[in-house]
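Q: Taken in order, these protein sequences are the chains called A and B.
Count the first sequence with full-length UniProt numbering and you get residues 1 to 98, in order.
Count the second sequence with full-length UniProt numbering and you get residues 1 to 488, in order.
Note that these hints are calculated values from the structure, not bench results.
Glycine included, each C-beta is placed from N, C-alpha and C at the ideal position.
Any given hint might turn out to be false.
To be verified - Here are some of the chain A residues that sit facing chain B, going by a computed Cβ distance under 10 Å:
hint, residue
1, K4
2, Q6
3, A11
4, S14
5, N59
6, I60
7, D64
8, V65
9, L75
10, D84
11, L87
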Amino acid sequence: MIDKTQVQHVAELSKLAFSDAELEQLTEQLADIMKMTDELNKVDTTGVPVTTHVNNLQNIVREDVAQAGTDRDILMKNAPDSADGLLKVPAIMDKEEA
Amino acid sequence: MNYLYEDLQSIHAKLVAGDLSATQLVTETLAEIEKKEPQVDAFLTIDEAGAQAAAAQVDAKPIATDNLLAGMPIGIKDNLLTDGVTTTAASKMLANFKPVFDATVVEKLKAKDAIMIGKNNLDEFAMGSSTETSAFKKTKNPWNLDKVPGGSSGGSAAAVAAGEVVASLGTDTGGSIRQPAAFNGIVGIKPTYGRVSRWGAIAFASSLDQVGVFSRTVADNATVLQAISGHDEKDSTSADIPVPDFRAALDGNIKGMKIAVAKEYMAEGVAPGVKAQIETAIDTLRSLGATVDEVSLPNSKYAVQIYYIIASSEASSNLSRFDGIRYGYRSPEAKTLEDVYVKSRSEGFGHEVKRRIMLGTFALSSGFYDAYFKKAGQVRTLVIRDFEKVFADYDLVVGPTTPTTAFDLGRKVTDPVTMYMNDILTIPANMAGLPAMSVPAGLVDGLPVGLQIIGKAFDEEAVYRVGYAFEQATGFSKNVPSFKGGKA
Chain A
1 MIDKTQVQHV AELSKLAFSD AELEQLTEQL ADIMKMTDEL NKVDTTGVPV
51 TTHVNNLQNI VREDVAQAGT DRDILMKNAP DSADGLLKVP AIMDKEEA
Chain B
1 MNYLYEDLQS IHAKLVAGDL SATQLVTETL AEIEKKEPQV DAFLTIDEAG
51 AQAAAAQVDA KPIATDNLLA GMPIGIKDNL LTDGVTTTAA SKMLANFKPV
101 FDATVVEKLK AKDAIMIGKN NLDEFAMGSS TETSAFKKTK NPWNLDKVPG
151 GSSGGSAAAV AAGEVVASLG TDTGGSIRQP AAFNGIVGIK PTYGRVSRWG
201 AIAFASSLDQ VGVFSRTVAD NATVLQAISG HDEKDSTSAD IPVPDFRAAL
251 DGNIKGMKIA VAKEYMAEGV APGVKAQIET AIDTLRSLGA TVDEVSLPNS
301 KYAVQIYYII ASSEASSNLS RFDGIRYGYR SPEAKTLEDV YVKSRSEGFG
351 HEVKRRIMLG TFALSSGFYD AYFKKAGQVR TLVIRDFEKV FADYDLVVGP
401 TTPTTAFDLG RKVTDPVTMY MNDILTIPAN MAGLPAMSVP AGLVDGLPVG
451 LQIIGKAFDE EAVYRVGYAF EQATGFSKNV PSFKGGKA
């Protein structure tokens, strides 16, 4: 059974933050969903292969020829913050560490 | 233009005869949308300027007599990219996102001179069964404005059902086209996985997602699917096989076709009224000359369980791209790079999306992968084998699309497990990648019921053939919604 500590760990892996009340509710809901999915344990799957995709395609490659992409200035229109044609983000390290 | 009493053929005839121009058609469509939107709320964005410009271009040359889509305004689910027109996936995360290219399906419709009229509401990132998880508005069911339109393509379905547009595009990962089609009394197809390019469709669960079509009639549905189908080198999972002429299958002849009814699809979870309509539908198919037998798809009962593990796992991976860096929402509170990720995602995503990211991340995490993701993938194989066994002897599987008719707005949002069970009859076709369509099968207490028709991979023709014959024999597609209920 999934507990609050595990849910907090999964939240960190997911890069999501929750309030304590949200975490409580989420633990309860995830526990309910996991209880539902535990029914799968009734199914005998010995020797059954895993399906991850339905069309049995191999890797598909194209000729290694340069193709025109989208202009950078156009792509940057959706950037939350940018300067001089580059994406701008907060400092990764503060000045003392650098 | 009130599309409740028109189809592609009837409007096309007016355009060809010169009784109507594409510009007039767009103007009349915008007026119809403006009139009905206060009740239905099916659109997030209306592209008035873009639609009028496109119509002017169509009017600049004669209408091709063999192109039923020329000048036709089409609604597009708001998780399909439209060049220069805001595309949100109904999420705060993408509230201001303006794509810089069209999804292949949109590009293909435009190449046929169809007109992108606006973007339809959906559950946030297509995660939901009622369109209530949209961050922006709640779409209502035109048959009863106090009921949900279904989901996740609820806006696309309600827009067609309300007569705002003649057709629309949606996406279907676990039933997101067929369930709203059933709830809204219209036709909705999820084609075979690989029939239609997913390029420019905002990914939810990549091994299950397919783009498909809503319309009032089977013939219109086949026409639109024809236009968007085919291989696309930008989507390596799209199938490089010829697309047949779907409309050629619409001759009404189903004599000798072998149809299976899965007993698991008619089990106790199906409401008695729905079951009765489907039994009547099955009798109709028999009377049209098909043979109908009962079969078993024993592993279908695990469909919901495997779906929530597989779809959530794929979603947790797909949605990791929303990090507040390159596009999409960035939290104004973010002081550090880690903040950009965590605060942007926590503030930008709604509850249902976060719940599924959490579920998927858990199912993929070290120590739980074998018990959940791997196990679900194995049971998925068994679901596929069930279908293979039945399709060795039968052309199609039919049954109800949904266990109930449309439910009340607000009823199920607090209880995810009950909400998830709503998809039990539609998920198996996604698991196996099969084409499946919902066609109107009459009313129960004034609300529509859908007959689901599932075909062999890449045999949309058989699905359309039976859907068309059934539609012509019953006339259920002529029912129109009452727009009753709702706030005064």
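Q: Against this structure, judge whether each hint is valid.
A: Status of each hint after checking the structure:
1. K4: Since the shortest Cβ distance to chain B is 12 Å, the answer is violated.
2. Q6: 8 Å, holds
3. A11: Nearest chain B Cβ about 7 Å off; hint holds.
4. S14: Because about 5 Å separates S14/A from the closest Cβ in chain B, which is inside the 10 Å limit, the hint holds.
5. N59: 8 Å, holds
6. I60: 4 Å, holds
7. D64: With a closest approach of 15 Å, the D64/A hint is violated.
8. V65: 13 Å, violated
9. L75: 6 Å, holds
10. D84: 16 Å, violated
11. L87: Where the cut-off is 10 Å and the nearest Cβ of chain B is about 6 Å from L87/A, the hint holds.
In this structure, the hints that do not hold are numbers 1, 7, 8 and 10, in rising order.
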